[in-house]
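**Q** Chain by chain, the residues run as shown.
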Amino acid sequence: MGAVREALDALPLVDHHCHGVVGGELSREYFEELITEGGSWPGISSFDSPVGVAVRRHCGPLLDLPRHAPPAEYLARRAELGAREVNRRFLAASGTGVFCVDTGYAPDRLTTPAELADAAGGTAYEVVRLENVAEAVAAAGVEPDAYGDAFRAAVQRAVARPGVVGVKSVAAYRTGFDLDPARPSPAEVTAAAHAWSARGGRLDDPVLVRHLLWTAVDLGLPLQLHTGFGDNDIRMHRADPTHLTDWLHLTGGAIPVLLLHCWPYQRQAAYLAAVFEQVYLDVGLTLHHVGPARARAILEEALEITPFRKLLYSSDAYGVAEFYHLGALAFRRGLGDLLQDRVAADELGLPDALRIAEWAGAHNALRVYGLPGPS
Amino acid sequence: MGAVREALDALPLVDHHCHGVVGGELSREYFEELITEGGSWPGISSFDSPVGVAVRRHCGPLLDLPRHAPPAEYLARRAELGAREVNRRFLAASGTGVFCVDTGYAPDRLTTPAELADAAGGTAYEVVRLENVAEAVAAAGVEPDAYGDAFRAAVQRAVARPGVVGVKSVAAYRTGFDLDPARPSPAEVTAAAHAWSARGGRLDDPVLVRHLLWTAVDLGLPLQLHTGFGDNDIRMHRADPTHLTDWLHLTGGAIPVLLLHCWPYQRQAAYLAAVFEQVYLDVGLTLHHVGPARARAILEEALEITPFRKLLYSSDAYGVAEFYHLGALAFRRGLGDLLQDRVAADELGLPDALRIAEWAGAHNALRVYGLPGPS
Amino acid sequence: MGAVREALDALPLVDHHCHGVVGGELSREYFEELITEGGSWPGISSFDSPVGVAVRRHCGPLLDLPRHAPPAEYLARRAELGAREVNRRFLAASGTGVFCVDTGYAPDRLTTPAELADAAGGTAYEVVRLENVAEAVAAAGVEPDAYGDAFRAAVQRAVARPGVVGVKSVAAYRTGFDLDPARPSPAEVTAAAHAWSARGGRLDDPVLVRHLLWTAVDLGLPLQLHTGFGDNDIRMHRADPTHLTDWLHLTGGAIPVLLLHCWPYQRQAAYLAAVFEQVYLDVGLTLHHVGPARARAILEEALEITPFRKLLYSSDAYGVAEFYHLGALAFRRGLGDLLQDRVAADELGLPDALRIAEWAGAHNALRVYGLPGPS
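Those protein sequences? They're chains D, E and W, same order as listed.
Once you know that position 215 of the first sequence is 215 in UniProt numbering, the rest is easy, because the numbers rise by one and skip nothing.
Once you know that position 55 of the second sequence is 55 in UniProt numbering, the rest is easy, because the numbers rise by one and skip nothing.
Once you know that position 365 of the third sequence is 365 in UniProt numbering, the rest is easy, because the numbers rise by one and skip nothing.
Simulated from the structure, these hints should not be mistaken for lab results.
For glycine and all other residues, C-beta sits at the position ideal for the given N, C-alpha and C.
Treat each hint with caution, since some may be false.
What the hints assert, rightly or not - To give an idea of the chain W side of the interface with chain D (calculated C-beta under 7 Å), a few residues:
{"hint": "1", "residue": "Glu37"}
{"hint": "2", "residue": "Ile44"}
{"hint": "3", "residue": "Ser49"}
{"hint": "4", "residue": "His68"}
{"hint": "5", "residue": "Arg235"}
{"hint": "6", "residue": "Met236"}
{"hint": "7", "residue": "Ala293"}
To be verified - Distance windows between CB atoms, simulated:
{"hint": "8", "chain 1": "W", "residue 1": "Asp341", "chain 2": "D", "residue 2": "Gly200", "range": "58 to 66 Å"}
{"hint": "9", "chain 1": "W", "residue 1": "Glu85", "chain 2": "D", "residue 2": "Gly121", "range": "51 to 59 Å"}
{"hint": "10", "chain 1": "W", "residue 1": "Glu85", "chain 2": "E", "residue 2": "Ser27", "range": "56 to 64 Å"}
{"hint": "11", "chain 1": "D", "residue 1": "Ala198", "chain 2": "E", "residue 2": "Asp341", "range": "54 to 62 Å"}
{"hint": "12", "chain 1": "E", "residue 1": "Arg202", "chain 2": "D", "residue 2": "Leu62", "range": "53 to 61 Å"}
{"hint": "13", "chain 1": "D", "residue 1": "Gly200", "chain 2": "E", "residue 2": "Gly370", "range": "39 to 47 Å"}
Said to hold, decoys possible - Just a few of them, taken from the derived set where beta-carbon distance is under 7 Å, the chain E residues facing chain D:
{"hint": "14", "residue": "Asp240"}
{"hint": "15", "residue": "Thr242"}
{"hint": "16", "residue": "Arg267"}
{"hint": "17", "residue": "Glu304"}
{"hint": "18", "residue": "Leu348"}
{"hint": "19", "residue": "Gly349"}
Let the hints inform the model, and build the full structure from the sequences given.
**A** Right, here's the structure in full:
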């Protein structure tokens, strides 16, 4: 198999961005909904997709099924084993040592970070989603004039809780990145808060999104940014991270900025990571959706010019425990094969390859978030 | 060769978007013009390009020539056999069972759908190009105040003809997709029709293009949209289909939307197909221009996250019969090798691979257009 | 190794866009700064990147080191040999017969074109960077009312010097390509010159950048345009060359336009080269940054639809002589393997492959710039 693949297979990963797993049993409809970024479409099964094929191929055997077992058998066996056992098997198989859990997206009832870590035998930290904090501040009935201070104070309280290691923004979903990069003035924030208060709904005002991003800059913690791939709430062309260039210049490296997912803009993200000291990237979410059959191709593009201290691992697993396993597998094989083949072609020395694997799989994240190594 | 390649080679394709073939004999200059999206350039032969190389390699043998025969020999033999025989050979070799013919682009005198089907031994349907209908309405001297109703009525008449199975828009060429997604009001349409009437020329007013797209929504028929690659009348960055996101939300799945060509935005198109129930894609036109040497690479990207019910085949052949053969060959080989290799790597089960091949090559199109299977 | 690779290895390249080499000895910090588009980042070595790995692998042996020797050994040996010998070895190894040197970017003291050609045993020509000319005109204290004429006269003087074969613009850096494509009126130029005179600083006024591009059109010389990849002064999404489409239509083929670097927009650049007679492209700078391990993948994309008379070679080497060698190596291997494999797969005839290799490596550039062949 080769030394690099072996080393990556043995490495406890640091999954710097993931979510929880749905705790209870899952109907076929619910399972199919959870494995797609699309939705429930009559007559089109989510299993008939790259991710569906990958689940049957790579997750089935962990449930004692033959490879490629049909969806009905897969789900029957899943139900038979029960959610707790299924989750335990996939989380253990993922070989994840550290989880940084974004707790801010939970339309479903999810496992807590502690439950997650427990099932996997790892350690969990928390990432605070800033839009949730802002919306909670608004929901609590803050006066628009006080919104700016109240949001800042709420964020500071949220990140002061034990185990919080970073913050996250879904600005890509709310406005896209083609925003005025400048810090908004207090008067602008107040005016926008008034308008938001009158309008209601989720935080999607461009001024308040900018204020949120600049509040993150002041915090000093690593900031995760959703970029690229997601559900149909994204306007993809506005989620190209290179629209952040002026903002990255203005913020001047105050905080690490971690570009999540990135596909189909992995090259654009790599460019930013290559020219801005504070920028890092991963291709989480993408890897399990394209599956092991294409994970390497995505990683090849993501690594074309990315400095080796700048690539991180994340699963972005949400809902089904399968995605922890699939994400980890696709990452280990994709990166492992890429590095191994470069060693075989004598384009890369073996010690270098081993170092790059360890950096991307664990050490880069430990360094950025200031975490101890996995136990 | 493998079971998937064999199955794809034997499958009568449904070519859901193509044009006609020039009926008469072709001079070298004319032939060279027809095989490029560029034009006639002194000192640069169209044969010195990926598509030119592919024609000599894959079409020459069907004219009894050795592979890679020089252009002059190729064209001499082509003339010797005569257009009728040449067209018959390439159309038969394409193994196409069903053609959906866009009859709206014909700067050259082309075969009719019936002649095409006849030469290939298949069945032909028609796709109505909406810009042509609009321009015919204007040319007939409609009063601007009556344009909206007249266009709607003309489209309804056009699609009521026997054999019409869908409509097409070249909005990508006329305005690009970065349009206001909302349905324009009757007053806006009338005002724009007045301005167009005064100005003349082709339909390129943004309000009237929006009106055209919303008229298509009301029809209920599948709508083909040119996206990405084309001649230099395109502003490529405005033909990125993700600019359609808001419009896709507003139209709410009323009609199937088929993204044509897509390159270099095949990943963006795949994203839309993965997150919008009503979106489908193909990589027609692209496949014969890149040739069999790169068709697989394009298909690999197009399929990274595309649900397997969402990929269709089209040749987008225009003018020369070679492109029916080349498009079909590039598709069969590209998809066949992709699937076969995944089966060989045990990433995909053989029955799944065979099903995906059949879906993409024929059944997805039959389903979307509501057609009977090829006879 | 194969006939195509052999032919490419023996071909004296025409490097149609490069810079000079820093003449003196280089500290580790300086060397690390010169091999990245990023900068000096504490704790992150530039050697820990694709280009760093490629330097150790492919340049070390030319300094008598084993492959993959560590950075400290590499730099020690480099210092031991001395800059003159190091430069001579890499320049000779590059096998470059002709250099077209952009002399307009020189934050460091660089070798002159003549010194460069001397070290390589080749011939050097000069490319005039238009922004420098404009800024020199302004620095000389021209009256804003006279700026338009003064700039035009200065450019004409600059290109009249012996050895000048083309001009270059970094409009991508200054404004991006999403500009009004029209030629600005004299009054607009004067107004903009007044504003620039009052404001000072580098030339980044959109009207003056347009004026600069139109001045180039009037000159009749080939115009090189930076597109895509560069340092963090770029707004990448505005450096997509398809934004030039309207300008390319308006200028109507008056001059050859050479798109440099292009990554990650090599497909967009290829599209322009395929549909505009006057457009050419290279993937210089990109090739040594991604290294030989990925050069072929980039070239595969760049060549998907590019007519074979439209691809040129450039190193875009700057600062360190290593990049002349690496760029040439990555080009020869990447293109050589691509062509050789297509010959082996019988997708391309050998004589065609040899012709394409020669065109891309030398003849296309000789033709565009009207140069005699390398001696």
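**Q** For each hint, tell me whether it holds in the structure or not.
**A** Checked hints:
Because the beta carbon of Glu37 of chain W sits about 5 Å from the nearest beta carbon in chain D, less than 7 Å, this interface hint is met. Taking 7 Å as the C-beta cut-off, the interface hint given for Ile44 of chain W holds, the closest approach to chain D being about 5 Å. For Ser49 of chain W, the suggested interface contact is upheld, since its CB lies about 4 Å from the closest CB of chain D, less than 7 Å. For His68 of chain W, the suggested interface contact is upheld, since its CB lies about 4 Å from the closest CB of chain D, less than 7 Å.
Using the Cβ-Cβ criterion of 7 Å, the hint placing Arg235 of chain W at the interface with chain D is satisfied: the shortest such distance is roughly 5 Å. Satisfaction of the interface hint for Met236 of chain W is found here, the shortest Cβ-Cβ separation to chain D being roughly 4 Å, below the 7 Å cut-off. With a least beta-carbon distance of about 5 Å to chain D, the hint placing Ala293 of chain W at the interface is held under the 7 Å criterion. Range check, Asp341 of chain W to Gly200 of chain D: about 60 Å between beta-carbon atoms, so the 58 to 66 Å window is met.
At about 57 Å, the CB distance of Glu85 of chain W to Gly121 of chain D agrees with the hint of 51 to 59 Å. The given range of 56 to 64 Å is respected by Glu85 of chain W and Ser27 of chain E, whose C-beta atoms sit roughly 60 Å from each other. Between Ala198 of chain D and Asp341 of chain E the beta carbon distance is about 58 Å. The supplied range of 54 to 62 Å therefore holds. At about 59 Å, the beta-carbon gap between Arg202 of chain E and Leu62 of chain D stays in the expected band of 53 to 61 Å.
For the hinted restraint 39 to 47 Å between Gly200 of chain D and Gly370 of chain E, the CB-CB distance of approximately 43 Å keeps it satisfied. Here the hint on Asp240 of chain E is kept, as its CB sits about 6 Å from the closest CB of chain D, short of 7 Å. About 4 Å separates the beta-carbon of Thr242 of chain E from the nearest beta-carbon of chain D, less than 7 Å, and the hint is met. The beta carbon of Arg267 of chain E comes within 4 Å of a beta carbon in chain D, closer than 7 Å, and the hint placing it at the interface holds.
Checking Glu304 of chain E against chain D by beta carbon gives a least distance of about 5 Å; that is within 7 Å, so the hint holds. Here the hint on Leu348 of chain E is kept, as its CB sits about 6 Å from the closest CB of chain D, short of 7 Å. For Gly349 of chain E, the shortest C-beta to C-beta distance to chain D is roughly 4 Å, which falls under 7 Å, so the interface hint holds.
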